[in-house]
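**Student:** Protein chains in written order, with the working numbering: chain A, 1 to 103; chain B, 1 to 103.
FYI, nobody ran anything at the bench for these hints, they're computed from the structure.
Hints are supplied without guarantee of correctness; some may be wrong.
As the list makes no split between identical chains, a pair holds if one copy fits it or if it spans any two.
Here are the simulated EDC-like pairs of lysine to aspartate or glutamate, each with C-alpha atoms no more than 16 Å apart in a straight line [to be verified]:
hint	residue 1	residue 2
1	Lys21	Glu40
2	Lys76	Glu96
3	Lys101	Asp74
4	Lys63	Asp78
5	Lys63	Glu80
6	Lys83	Glu40
Protein chains: 2
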Amino acid sequence: METTTEFEGNTSDNSVFIGNKPFMNYITGVIMQFTAKNAEDVVIKARGKFISRAVDVAEVSAKRFLDNSVSVKDIKIDSEGFKNNEGRDVRVSTIEITLSKNR
Amino acid sequence: METTTEFEGNTSDNSVFIGNKPFMNYITGVIMQFTAKNAEDVVIKARGKFISRAVDVAEVSAKRFLDNSVSVKDIKIDSEGFKNNEGRDVRVSTIEITLSKNR
Chain A
1 METTTEFEGN TSDNSVFIGN KPFMNYITGV IMQFTAKNAE DVVIKARGKF ISRAVDVAEV
61 SAKRFLDNSV SVKDIKIDSE GFKNNEGRDV RVSTIEITLS KNR
Chain B
1 METTTEFEGN TSDNSVFIGN KPFMNYITGV IMQFTAKNAE DVVIKARGKF ISRAVDVAEV
61 SAKRFLDNSV SVKDIKIDSE GFKNNEGRDV RVSTIEITLS KNR
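Extracted from the complex, chain A is given alone in its bound form (with noise of 0.2 Å):
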């Protein structure tokens, strides 16, 4: 599941899917949805090697650029299998991290 999608770095439902885009992309779309859309939480998920960047994302979005206005409410961690192009079952583990305004 390494193949980038249409959507990846694109926004919806209040989300944010982590690919290999310029790292800024992602960042502007966790400030837009805090601004821009208003959005009381906002989500970032990523798949698989794209963790690691979901994680670099929280983090400088939330402490360097909305200058610890959110804080991390809530980080989910689960795994999917699949069956890849050659047939086989594979796993992959996720990650969805929530963004929440402060109060």
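Could you slot chain B onto chain A? The hints should help.
**Tutor:** Relative to the frame of chain A, chain B by itself:
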């Protein structure tokens, strides 16, 4: 901070530090804490690019090897600033995943 340290993969204080040793070393480390050392909690820790691997270790050890007898109790993310070899300020994200025996 991609340099490996002597104690990567070793366990102390119920913690398992994730680095670039073979994946099963870390799984074994987690399982040993719960079984041989009878720990109630095990904390899986990682920095930077090893964060994705920490999530894999948590998922595989809890779901495949410990057969859901342990669960994710807590996940913390943070970031640390330090000076790299060239004296530049850099930042690295960290994660701590606490697995806990089900009661």
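**Student:** Cα distance capped at 16 Å. Does Lys76 pair with Glu96 within a copy, between copies, both, or neither?
**Tutor:** both (5 Å within a copy, 12 Å between copies)
**Student:** Checking Lys101 and Asp74: alpha-carbon separation at most 16 Å within a copy, between copies, both or neither?
**Tutor:** Answer is within: at 12 Å inside a copy they meet the 16 Å cutoff, but 21 Å across does not.
**Student:** Treating 16 Å as the Cα threshold, decide for Lys63 and Asp78: within, between, both or neither.
**Tutor:** between (25 Å within a copy, 10 Å between copies)
**Student:** With identical chains, the pair Lys63 and Glu80 could be close in the same copy or across copies; at 16 Å between alpha carbons, which is it: within, between, both, or neither?
**Tutor:** The answer is between: 11 Å across copies meets 16 Å, while 30 Å in one copy does not.
**Student:** Evaluate Lys21 and Glu40 at a C-alpha cut-off of 16 Å and name the case that applies: within, between, both or neither.
**Tutor:** neither (25 Å within a copy, 40 Å between copies)
**Student:** For Lys83 vs Glu40, is the C-alpha pair at or below 16 Å within one copy, between two copies, both, or neither?
**Tutor:** neither (36 Å within a copy, 35 Å between copies)
Violated hints, listed in ascending order, are 1, 6; each of the other numbered hints is respected by the structure.
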